[in-house]
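Colleague: Given the sequences, and given the hints that come with them, work out the whole structure.
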Amino acid sequence: MKIICILLVLVSILSICVYSKANKYELSPTFGVSPELLEYYQGKTFSCLRSNKQIPIEQVNDDYCDCPDGTDEPGTSACNNGVFYCANKGYKPSNLHTSLLNDGFCDCCDGSDEYLGKVTCPNNCQDLGSELRKKREQEIETYTAGLKKKSEMEEESKSIWASKQEELERLKKEIDPLNSDLKELQTKKDNKQKEKDAERQALKEKRQQELKELEEQQEPKPLDGEGQEINTDELKESKEGSEDVQPEVPTVEEKPLTSENLETISRGKDQNDDHNDDNNDEKHGDSFLYMLVQNHFSTLWNFFKQYLPKSVYSDLNDLESLESEISSKKDTLREKENAISDIEKLFTYDFGKNNVYLPLHGKCFEVKTKEYSYSFCPYDKAQQGHTSLGKFEKWEGSVMEFANGQQCWGGPKRSLKVSFECGVDNEAYDVQEPSKCEYSMKFKTAAACDSEHLKILSLDKDHQL
Amino acid sequence: MNISKLILITLIILIINIIKIESVDQNQFRTCEDSHFCKRNMKGRTEQSSASDTTKIYKLLENTIQLVDGVITADIIEDGVPQDVLALELMAYQDNMLRFRIKEKNLLQGKKRYQVQDVLLPTIQIDRSIQWKSKPQNNQFTIEFGSNHNLATVNMNPFRVDVLVNGKVAVSANNRGYMHFEQMKEKPTLQLAPPKPPVEGEEQNNNEQNEEEKKFRESLEGLWEEKFHSHHDSKPNGPTSIGMDFKFVGSQFVYGIPEHASTMALKNTKGEHPYRLYNLDVFEYELDKTMALYGAVPLMLSHDTEKTVGVFWLNAAETYIDIEDSKTEQPSKDTHWISESGIMDVFILTGPSPKEFFVQYATLTGTTALPQMFSIAYHQSRWNYKSEEDVRQVDQAFDDNSIPYDVIWLDIEHTDGKRYFTWDRSNFPTPENMLAELDKKSRKLVTIVDPHIKKDSNYYIYSEASEKGYYVKNKDRNDFEGWCWPGTSSYLDFTNPVIRDWWSSQFAYDKYKGSAKNLYIWNDMNEPSVFGGPEVSMHKDNIHYGDYEHRDVHNLYGYYYHMATAQGLIQRNPDHNDRPFVLSRAFFAGTQRIGAIWTGDNAAKWDHLAISNPMLLSLGLAGITFSGADVGGFFGNPDAELVARWYQAAAFQPFFRGHAHLDARRREPWLFGEPYTTVIRQAIQARYSYLPLWYTAFYQNNQTGMPVLRPLWVEFPQESALFAVEDHVMVADSLLVKPVVQQGQTSTNVILPGGESQLWFEVDTLKKFQGGQTVEISTPLEKIPVFQRGGTIVPKKERVRRSSSQMREDPYTLVIALDKNQKASGQLYIDDEHSFNHHRSNEYLYKQLTFENGKLTYKDVPQSKGKYNFENTVEKVVILGLENKPSKIETSNKDTLSFEYDQSTQKLTIRKPLVSVNSDWTISLN
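Respectively, the protein sequence lines represent chains Z and U.
Note that the first sequence ends on residue 465 in my numbering; no numbers are left out.
Note that the second sequence ends on residue 1926 in my numbering; no numbers are left out.
A hint or two may mislead.
Unchecked claim - Straight-line distance between alpha carbons at most 20 Å, and here's what the computed EDC-like set of lysine to aspartate or glutamate pairs gives:
1) Lys-206(Z) - Glu-195(Z)
2) Lys-1440(U) - Glu-174(Z)
3) Lys-1440(U) - Asp-1399(U)
4) Lys-330(Z) - Glu-174(Z)
5) Lys-118(Z) - Glu-1833(U)
6) Lys-413(Z) - Asp-1399(U)
7) Lys-413(Z) - Asp-1639(U)
8) Lys-394(Z) - Glu-438(Z)
9) Lys-1111(U) - Asp-1476(U)
10) Lys-370(Z) - Asp-1541(U)
11) Lys-442(Z) - Asp-1390(U)
12) Lys-1227(U) - Asp-1541(U)
13) Lys-436(Z) - Asp-1399(U)
No lab work stands behind these hints: they were computed from the structure.
Nothing here was measured: the structure is a model prediction, and the numbers come from that model.
Modeller: Given below as structure tokens:
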């Protein structure tokens, strides 16, 4: 079959030579017809291939367009929609728009499109062919190596995927015990609190009684809390526990808050509180209230303290450690929940067949141009220096799109389109800005190598002309 | 660190915002109210009956009237000011035109009044056959002039000129007595009393003196100096303005005086801002405004069912034109013209037919230089194609998408730091190769060359011009320095012929390195645009050649620049035989002789698409027919529908170029996907297929001044309902186009003029319509409503190739649309499409095509002198509206032709007549 095709092509080329010498308009009806359509151009009449019209065969290639579909003039430019077949022996054949025939520009490498000789076209099909073959071989090489690497990447993704899945399951499993631990600790803390409140209430009542007695005996004098270390948590507890008696407190003359005692307070805090600021805030609630409590009760507390049994101190310390335990558990829980949602989000991305692009996740690639350094992090973000070119938006075919980058002066928000190509090693290159603040980049990776394409390449190679 | 950075950033943002706000601010540009001279003229504008002391009454002195050698001269004085004498010259010109000129009879020593140079054709001739119809008596005289025996009656006191057409007054000058002529004077000086010896009360005395001085200074304000925003105008010549009113009697429609983003039929401006002519670089111009844009043609025409007449006010200074309906019983238009300086030089064009009017104006300022074929094909531009590779890719993509184009354009970024005539070698290392590659496909490159010259002593253009003293001078007579794209720049004085020659020589291939024969030029920013200058232009007190002020020549600057560039493109070839192509943004009357213009920086908006035809029609009526608007709109991003519709409209406009701002997204025709790519391809292909019609129409314009793109009324001057129609256009006399210029429009109403006897054929469906009706045409995206007028023959080339040059040898198709009498006629013009041989050695074919009595005749147009040996043929003849099927068709060579006839559409297609375009022939239907 192959041989027949070639023969037919040869015949048609010969026929041009004969006819074109005689008269430029007397072309063979088969001139410019591709081998697979030749049979339709053999009879005495010709039926337009895609429209319902029949013409005598003499009107085929007679430089007048009879068929609305342009199929009667494959070898002339008479029809605006005709197609001319260049055999391009030694290279690949091509189908040209017939408007390119005899326009003074060589479109076919065999020069067959310029048969009227307006321009002398060299036949460079052999050169192009060998170039193409060389290129194709290189491409096959790239694809072969790339595909090998690709399967490694697929393996890698499998293990990444599995480990991520494992991690997800593990994390999920760890959540429940954490929650129940937290619940338990909370109950514990609540109970402890109640216990302590009751104890304190009793103590307070007793103390009030004593105070009352004292008042009856003598005028109250200012209390001096200077130099006393206090624990803010304890203070708070004491405040909470003293709520009921608060209205009576103002009767005690208070000492204005000085920088000195403020310092004391803060020092005390530093010594006794190893939680971070956030947790402190949570505990203290409103800081204004806290100050108020400090003001009113620091002095009182020192006064109380001497009467308090040691057991109360330790109880309070228990409560504190409970709280810190709760807080640290909460942190752990939050961390794990974040990790879970990260993995779950990752699972929503399109990593291609067999998740082959997964190993690119978490990596970044750089391109340096004269002016800028560009970085591209698949599935994450892209930057020009420190300027954002956008966050990962979506795949569009083999193009990864980044959108909503930094706003451009007088232009849109910056964006980037990265075209993925087959290559052995991961490499970003060729950054362009075709429109203002709309960037493009090319990226070679084995993950983009397509085994089907390799098959086509190999097939082409086998069928070399 | 943060705070200082923050402050800096905030400052930058603030500054940018200020600049932004200022650039769209209309307050940046003057109106009549901001111009002291305009206000002075307006102030004196009370009706004659209630003349106030500011009204000037001028009278012609009877005893000074002379008629010598066809020119009437007389003195005119302002009533009550007998010492200030004005000299009047009144004369007729060929083709039925009247001209009058008024200037000071005796100018003060050292003073000059500018007379516009280099705009009128040197060939214009005074019609010396002018004669008295009635000699001066009874306060008037009448002369008869021209082949149409028109009369002009001059009233002596008050001075008034009435021009009669067909026995009726058509144009009346100084009808309302708004004439105003500020004669040049010495600058007044304050005469202070000599200083008195010190006595008591000295202080008070000084105060009096100061007070007097202050008053004196104030009296100079607006007359001997003027401020606009932060700009100071030293006005060394004081008040020099001129004003005159013209009544267009019996007409309700006036047109012309481009360039304004306004309607074709001019609006009444009384009480609003008058139309302004002052070439300016207006950033993001708004529509429906009378503010001045990039160019100026001080020609106004009026039309009614009886006549087309006009006034050409030959003045290049800032000019305002106020328009109102006359209060007289007969509907008329009153117009008031005010210019800041220069002599009063007025031509009255008497028509009376549109055709005669265009001939008259062409006699004065010339016709469109015959463009090269490529320049009326499609142009692809963008600010900016970035590199040779970018150019290569865009070029290839046109081929890959089977979309023809002829020219690719490079905006300012292609240069080395906006030094024109240089290349940014990192992106354009081998322009010669790029040009050679384009040339293989017969394509061209256009590069931009602007008139501001970067101040850089290492830049050869700058240093050479600087040494030679070629720059415009400031009021202190130092080289003027302004700010433009390259930073600090100077501006060559193109009003000087020596400097124009020098400029032209810069386009020589050995000077403009990297240029080649297929490189042509784009002149932008030639208003001139001066960033930060008054109204983004030059100071009016700058000094030009001949010691004239910039105010005198402002509107000519861009014209002269354009002229020098075009001359350079001619001279660069040893045989001087390649027609130049230079696109300019600024223009003046006569620009048509030099090259094309475009409507500047429009926007990607539907209303900007809609205004493109009204603006181009206005330009065409004022002689500048080779004009276009940026397809897609310069600023902003058009959506796919807008782009597609814009291509459809522009495919039927004379200059056809896609262009976009630096900040706009790419919008080459294939970037919008289907169906848009196909729709755009079809529009561009339609343009290419009609190129023989366009080329013939440009030749006809070259011969007769008839605009290529015409309002309907030019073709149907009796139909008053058409006089304001601006959304339909005629291409030559044969195609009526009503492009879709509204978003989502699914149908449009098309006016088909000419009454019932006029037939129209829709070019895509071949459907036949009768005239005298409005038809609703459905307009899906791919539809361009185009109708061929019955009775016309349109030459086409249906083989559309990559570029127009590649189509040169392709055969023609003739489309004959028959009228009710089964007749049609048309013309076909052919030449080499690029050289001056058509002009130098009559190497052209200008053929008359006539179809009558079943016979198509092809022969020379009677007065044609053309002889051109060109082997080409007609491959197809299509006859629309043929009532009977012929039995046999044969040529004058007795060749029998095959044909197809479709009874349902009455369409006859004659197959391969292959008659030569070289010789005369007939095709007979039996």
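Colleague: Decide if the proposed pair is consistent with the structure: Lys-394(Z) and Glu-438(Z), CA atoms, cutoff 20 Å inclusive.
Modeller: holds (16 Å)
Colleague: Lys-206(Z) and Glu-195(Z) were given as a pair; does the straight-line alpha-carbon distance stay at or below 20 Å?
Modeller: OK: Lys-206(Z) and Glu-195(Z) at ~17 Å, within 20 Å.
Colleague: CA of Lys-1111(U) to CA of Asp-1476(U), is that 20 Å or under?
Modeller: Distance of about 18 Å is within 20 Å: holds.
Colleague: Are the Cα positions of Lys-436(Z) and Asp-1399(U) separated by 20 Å at most?
Modeller: Violated - the C-alpha atoms of Asp-1399(U) and Lys-436(Z) are around 25 Å apart, more than 20 Å.
Colleague: Is the straight-line distance between the alpha-carbon of Lys-413(Z) and that of Asp-1399(U) 20 Å or less?
Modeller: Answer violated: Lys-413(Z) to Asp-1399(U) is near 32 Å, above 20 Å.
Colleague: Holds or violated: Lys-1227(U) and Asp-1541(U), Cα atoms, limit 20 Å.
Modeller: Holds: Lys-1227(U) and Asp-1541(U) sit about 12 Å apart, inside 20 Å.
Colleague: Holds or violated: Lys-330(Z) and Glu-174(Z), Cα atoms, limit 20 Å.
Modeller: With a Cα-Cα distance of about 13 Å, the restraint between Lys-330(Z) and Glu-174(Z) holds, given a limit of 20 Å.
Colleague: Hinted pair, alpha-carbon criterion (20 Å max): Lys-442(Z), Asp-1390(U). Please report holds or violated.
Modeller: holds (16 Å)
Colleague: If you draw a straight line from the CA of Lys-370(Z) to the CA of Asp-1541(U), is it 20 Å or shorter?
Modeller: The given pair, whose Cα atoms are some 46 Å apart, is violated under the 20 Å limit.
Colleague: Does Lys-118(Z) pair with Glu-1833(U) here, judged by a C-alpha cut-off of 20 Å?
Modeller: It holds: about 18 Å lies between the C-alpha atoms, which stays within 20 Å.
Colleague: Need the status of pair Lys-1440(U), Glu-174(Z): alpha-carbon distance at most 20 Å?
Modeller: violated (73 Å)
Colleague: Would the pair Lys-1440(U) and Asp-1399(U) pass a check requiring their Cα atoms to be no farther apart than 20 Å?
Modeller: This hinted pair holds, its Cα atoms lying about 13 Å apart.
Hint violations for this structure: numbers 2, 6, 10, 13, all remaining hints satisfied.
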